[in-house]
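Between the sequences and the hints, there should be enough to build the whole structure, so can you do that?
Top to bottom, those sequences are chains A and B. The first sequence lines up with residues 3 to 209 when you count with my numbering. The second sequence lines up with residues 3 to 209 when you count with my numbering.
It cannot be assumed that every hint is accurate.
Listed next, with one range per pair, are the computed distances between beta-carbon atoms [as the list claims (entries may be wrong)]:
id, chain 1, residue 1, chain 2, residue 2, range
1, B, T75, A, D157, 36 to 42 Å
2, B, D57, A, G45, 34 to 40 Å
3, A, D159, B, D38, 46 to 52 Å
4, B, D38, A, R130, 35 to 41 Å
Below, computed lysine to any residue pairings styled on SDA-like, alpha-carbon distance capped at 20 Å [what the hints assert, rightly or not]:
id, chain 1, residue 1, chain 2, residue 2
5, A, K158, B, A191
6, B, K158, A, D189
7, B, K158, A, A191
Rather than coming from a laboratory, the hints here were simulated on the basis of the structure. Just so you know, even glycine gets a beta-carbon here, dropped at the ideal spot from N, CA and C.
There are 2 protein chains.
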Amino acid sequence: MNAANQEIKRGRKYGQVLNGAWEVFRRDGFEGASVDDIARESGVSKATLYSYFPDKRLLFLEVAKGECCRQATESSDLIPCKAAPVTVLTGAATRMVDFFLSDFGMRVFRICVAESDRFPELGREFYRNGPALARARLVDYFHEAEARGELRITDKDLAADQFAELCKADLFSRLVFGIGGPISAEDRARVITGAVETFLARYGVAG
Amino acid sequence: MNAANQEIKRGRKYGQVLNGAWEVFRRDGFEGASVDDIARESGVSKATLYSYFPDKRLLFLEVAKGECCRQATESSDLIPCKAAPVTVLTGAATRMVDFFLSDFGMRVFRICVAESDRFPELGREFYRNGPALARARLVDYFHEAEARGELRITDKDLAADQFAELCKADLFSRLVFGIGGPISAEDRARVITGAVETFLARYGVAG
DNA sequence: GAAAAGTTGAACTGCCCGGTTCATCTTTTC
DNA sequence: GAAAAGATGAACCGGGCAGTTCAACTTTTC
Chain A
3 MNAANQEIKR
13 GRKYGQVLNG
23 AWEVFRRDGF
33 EGASVDDIAR
43 ESGVSKATLY
53 SYFPDKRLLF
63 LEVAKGECCR
73 QATESSDLIP
83 CKAAPVTVLT
93 GAATRMVDFF
103 LSDFGMRVFR
113 ICVAESDRFP
123 ELGREFYRNG
133 PALARARLVD
143 YFHEAEARGE
153 LRITDKDLAA
163 DQFAELCKAD
173 LFSRLVFGIG
183 GPISAEDRAR
193 VITGAVETFL
203 ARYGVAG
Chain B
3 MNAANQEIKR
13 GRKYGQVLNG
23 AWEVFRRDGF
33 EGASVDDIAR
43 ESGVSKATLY
53 SYFPDKRLLF
63 LEVAKGECCR
73 QATESSDLIP
83 CKAAPVTVLT
93 GAATRMVDFF
103 LSDFGMRVFR
113 ICVAESDRFP
123 ELGREFYRNG
133 PALARARLVD
143 YFHEAEARGE
153 LRITDKDLAA
163 DQFAELCKAD
173 LFSRLVFGIG
183 GPISAEDRAR
193 VITGAVETFL
203 ARYGVAG
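Structural data, given as structure tokens:
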């Protein structure tokens, strides 16, 4: 992470541009964001912006990549522990729900979906740095728990995907399609405990 | 459904425009579609198009609404039967997977997500005419099956959402984010049977 | 068969936006 | 403190697109 390893960045206000651009992109999407807006938001002239990035596309890609990395590193601290599966899974479910209900999660998802034709690599990059990590961590935990005789799972990849999917029940559609009012703490609790119970009904070891 | 109940439509080529517009919208999205393209695709002059619809937005809304209705009516034929839950649920899962893996399902989803800021009512309309119907049908079936002693479900709404969500495991991310190659019949079968098994592990009646 | 209703194509307006240019100003560097 | 590097802003270009207009043409209607 020394200062000279990036071939693109030169000049003092590189960071400002990335921050401002991310702000505008996540507010207006790729097409919706105008370069003038980004320059204004960044507190930087358009000429300066274009001295950093050859075009809007590249700027967007750089912003998205950086943001994904940031998110990935800062959420990778919590690791599976030896508590009872109910506890561990409830914790994991809570974090997942927190993430995709967050402003950030939702906006990134929206942009990925909307712009996936223009930027096929964007969706992959996001998945790799987000959902894929969570999934890998879950699978690791499954192995440990199975070794301890707490779970019994043959297809661990599928199980991890199912668990993640169960956490989205109801909540996700409501958010994506704008159904129902704001999501209350009770709504979240209902889905989380429901997910854990269903998951354990299938993969938990009786007793 | 008489011919004169629509206040907007007048003129011979109304249908052509709707068809052509849907074609272009689903290919290029809302922003990506140009009105000239739509007119060309519809085999209609721009002037004619604008004589039907005051602007692009209204045209899009009308197209989307119509398409949702069409989809809703033509998929509402299959109803829950008295077969064993495994059979019924497998059938339901297959239909759900078929739908959201279809070109249509994916495109509508993409447009809804991308355009939900511009058209909040669009997402709601789609959900009402699509997922909500499937959910209601599932809940109905749950009632019947429970009366027959085949299932035991307290929160039937949540169960329906969970089932739908389980059907998306793995497949959905792959499609949305463009991960992995094309989805094979084996992939689908794996997810479908997995969904049914997990669901029945939780809500099925032992024996 | 003539009037009315509908359709056409093409040109035109106005706007927004991505990207460029440049003379001038500020900061860094030594 | 002067040269070099970076930043400025405002003007400008070119292109694409939504929406308008209109005189000529086709179809419907009675």
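Hints and how they fare:
1. T75(B) with D157(A): 36 to 42 Å: 37 Å, holds
2. D57(B) with G45(A): 34 to 40 Å: 36 Å, holds
3. D159(A) with D38(B): 46 to 52 Å: About 47 Å separates the Cβ atoms of D159(A) and D38(B), which means 46 to 52 Å holds.
4. D38(B) with R130(A): 35 to 41 Å: 39 Å, holds
5. K158(A) with A191(B): 16 Å, holds
6. K158(B) with D189(A): 15 Å, holds
7. K158(B) with A191(A): It holds: about 16 Å lies between the C-alpha atoms, which stays within 20 Å.
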